[in-house]
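Undergrad: Residues per chain are reported as follows:
2 protein chains.
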Amino acid sequence: MAAAPRLSIDLASVAPVYRQIANGLRQHLVEGRLTPGDLLPPVRQLALDLGVHFNTVALAYRSLADEGWLDLRRRRGALVLERDTPVAPQRDLVDRLLRRLSEVTAELRSAGVPPRKISAALRRLAEGVES
Amino acid sequence: MAAAPRLSIDLASVAPVYRQIANGLRQHLVEGRLTPGDLLPPVRQLALDLGVHFNTVALAYRSLADEGWLDLRRRRGALVLERDTPVAPQRDLVDRLLRRLSEVTAELRSAGVPPRKISAALRRLAEGVES
DNA sequence: CTAATTTGTATATTGTATATATACATTATT
DNA sequence: AATAATGTATATATACAATATACAAATTAG
Numbered sequence: 013m014a015a016a017p018r019l020s021i022d023l024a025s026v027a028p029v030y031r032q033i034a035n036g037l038r039q040h041l042v043e044g045r046l047t048p049g050d051l052l053p054p055v056r057q058l059a060l061d062l063g064v065h066f067n068t069v070a071l072a073y074r075s076l077a078d079e080g081w082l083d084l085r086r087r088r089g090a091l092v093l094e095r096d097t098p099v100a101p102q103r104d105l106v107d108r109l110l111r112r113l114s115e116v117t118a119e120l121r122s123a124g125v126p127p128r129k130i131s132a133a134l135r136r137l138a139e140g141v142e143s
Numbered sequence: 013m014a015a016a017p018r019l020s021i022d023l024a025s026v027a028p029v030y031r032q033i034a035n036g037l038r039q040h041l042v043e044g045r046l047t048p049g050d051l052l053p054p055v056r057q058l059a060l061d062l063g064v065h066f067n068t069v070a071l072a073y074r075s076l077a078d079e080g081w082l083d084l085r086r087r088r089g090a091l092v093l094e095r096d097t098p099v100a101p102q103r104d105l106v107d108r109l110l111r112r113l114s115e116v117t118a119e120l121r122s123a124g125v126p127p128r129k130i131s132a133a134l135r136r137l138a139e140g141v142e143s
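Protein sequences, first through last, are from chains L and V.
Heads up, the first sequence stops at 143 in our numbering, and the numbers go up one at a time, no gaps.
Heads up, the second sequence stops at 143 in our numbering, and the numbers go up one at a time, no gaps.
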């Protein structure tokens, strides 16, 4: 019922912290480590753990609430919802994300990661998704 | 020798334009559609094609030059280099990119894309990398 | 029933990043 | 030597990110 998700944020990354937090939580959500009924830590608590300001966490929570993952209420906190996935995925968003996948793959090649390793990582992800 | 890479940028995306350009070019580079000896279009030309300011393109070119892909010289332009991939990929960078892959995958699931489609896209990417 | 406490929310401030405008530097060609 | 075609440097406007601070709501304590 009370959930303390494991998150790590990277201050050196170009990705803004609030989005890193949202991304990390979204992974826990889609992968079922956070399930409906769970309560996330209060924004001040998680902010303390991560070493950022509580409004930054609040912004991440609100992003996920906008996506339908959370219900936020004062005094009670952030509740994980039973969420039916959107029936009609937004075309634009999906296209952008797919392109992003191939961009990141190109970055990995550019960084000198052996193709074998890259494709192994991709296949591992593919398996994870199907389970 | 003169190369006119096909690029598309998305002004609605959260990704800054200069990085979108660099990402797109990097894909052409790692996938061999741009090869050593090719000359990219002048910054003003590509900027005109894309509808952005030439300094934005210049910034993208410089990013790729920093990565060792391009040699920039005034009057001659942006030359694609013979680039030996880094022998020791930067651990931090690679970790960040791998995490990014799994974040994007989570975003796709969150957007309601059927797992089958996601894993198919991932496997397709994996195949492309190995070729 | 009221006060205190615990939560999320709203607004303002400050720093940083992005995109552009403009001027400059370099170098090949005429 | 002059011109033209490039990339580069610097300044500025704007938007975004992170924080500080004040507020609002709702549960609990007394």
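If you're looking for bench data, these hints aren't it; they were derived computationally from the structure.
Beta carbons are placed, not taken as given, at the ideal position from N, Cα and C, and that holds for glycine.
A couple of the hints might just be wrong.
[Said to hold, decoys possible] Beta-carbon label-pair distances, calculated as ranges:
1. L:S143 x V:R87: 31 to 41 angstroms
2. V:R103 x L:F66: 30 to 40 angstroms
3. L:S143 x V:R86: 52 to 62 angstroms
4. V:V26 x L:P98: 14 to 24 angstroms
5. L:T47 x V:A77: 46 to 56 angstroms
6. V:R136 x L:R103: 12 to 22 angstroms
7. L:A15 x V:A132: 30 to 40 angstroms
Undergrad: Cβ-Cβ distance between L:S143 and V:R86: within 52 to 62 angstroms?
TA: With Cβ atoms ~54 angstroms apart, the hint holds.
Undergrad: Looking only at beta-carbon atoms, does the pair L:A15, V:A132 fall within the given range of 30 to 40 angstroms?
TA: Because 32 angstroms falls inside the window, the suggested range holds.
Undergrad: 31 to 41 angstroms was suggested as the range; check whether the CB atoms of L:S143 and V:R87 agree with it.
TA: violated, 56 angstroms
Undergrad: Please test the hint of 46 to 56 angstroms on the beta carbon pair from L:T47 and V:A77.
TA: holds, 48 angstroms
Undergrad: Is 30 to 40 angstroms right for how far apart the beta carbons of V:R103 and L:F66 are?
TA: Given range 30 to 40 angstroms: holds, Cβ gap about 32 angstroms.
Undergrad: Do the Cβ positions of V:V26 and L:P98 conform to the proposed distance bound of 14 to 24 angstroms?
TA: holds, 19 angstroms
Undergrad: 12 to 22 angstroms was suggested as the range; check whether the CB atoms of V:R136 and L:R103 agree with it.
TA: Since V:R136 and L:R103 have Cβ atoms about 19 angstroms apart, the given range 12 to 22 angstroms holds.
In summary, the structure is inconsistent with hint 1 from the numbered list given earlier, while agreeing with all the others.
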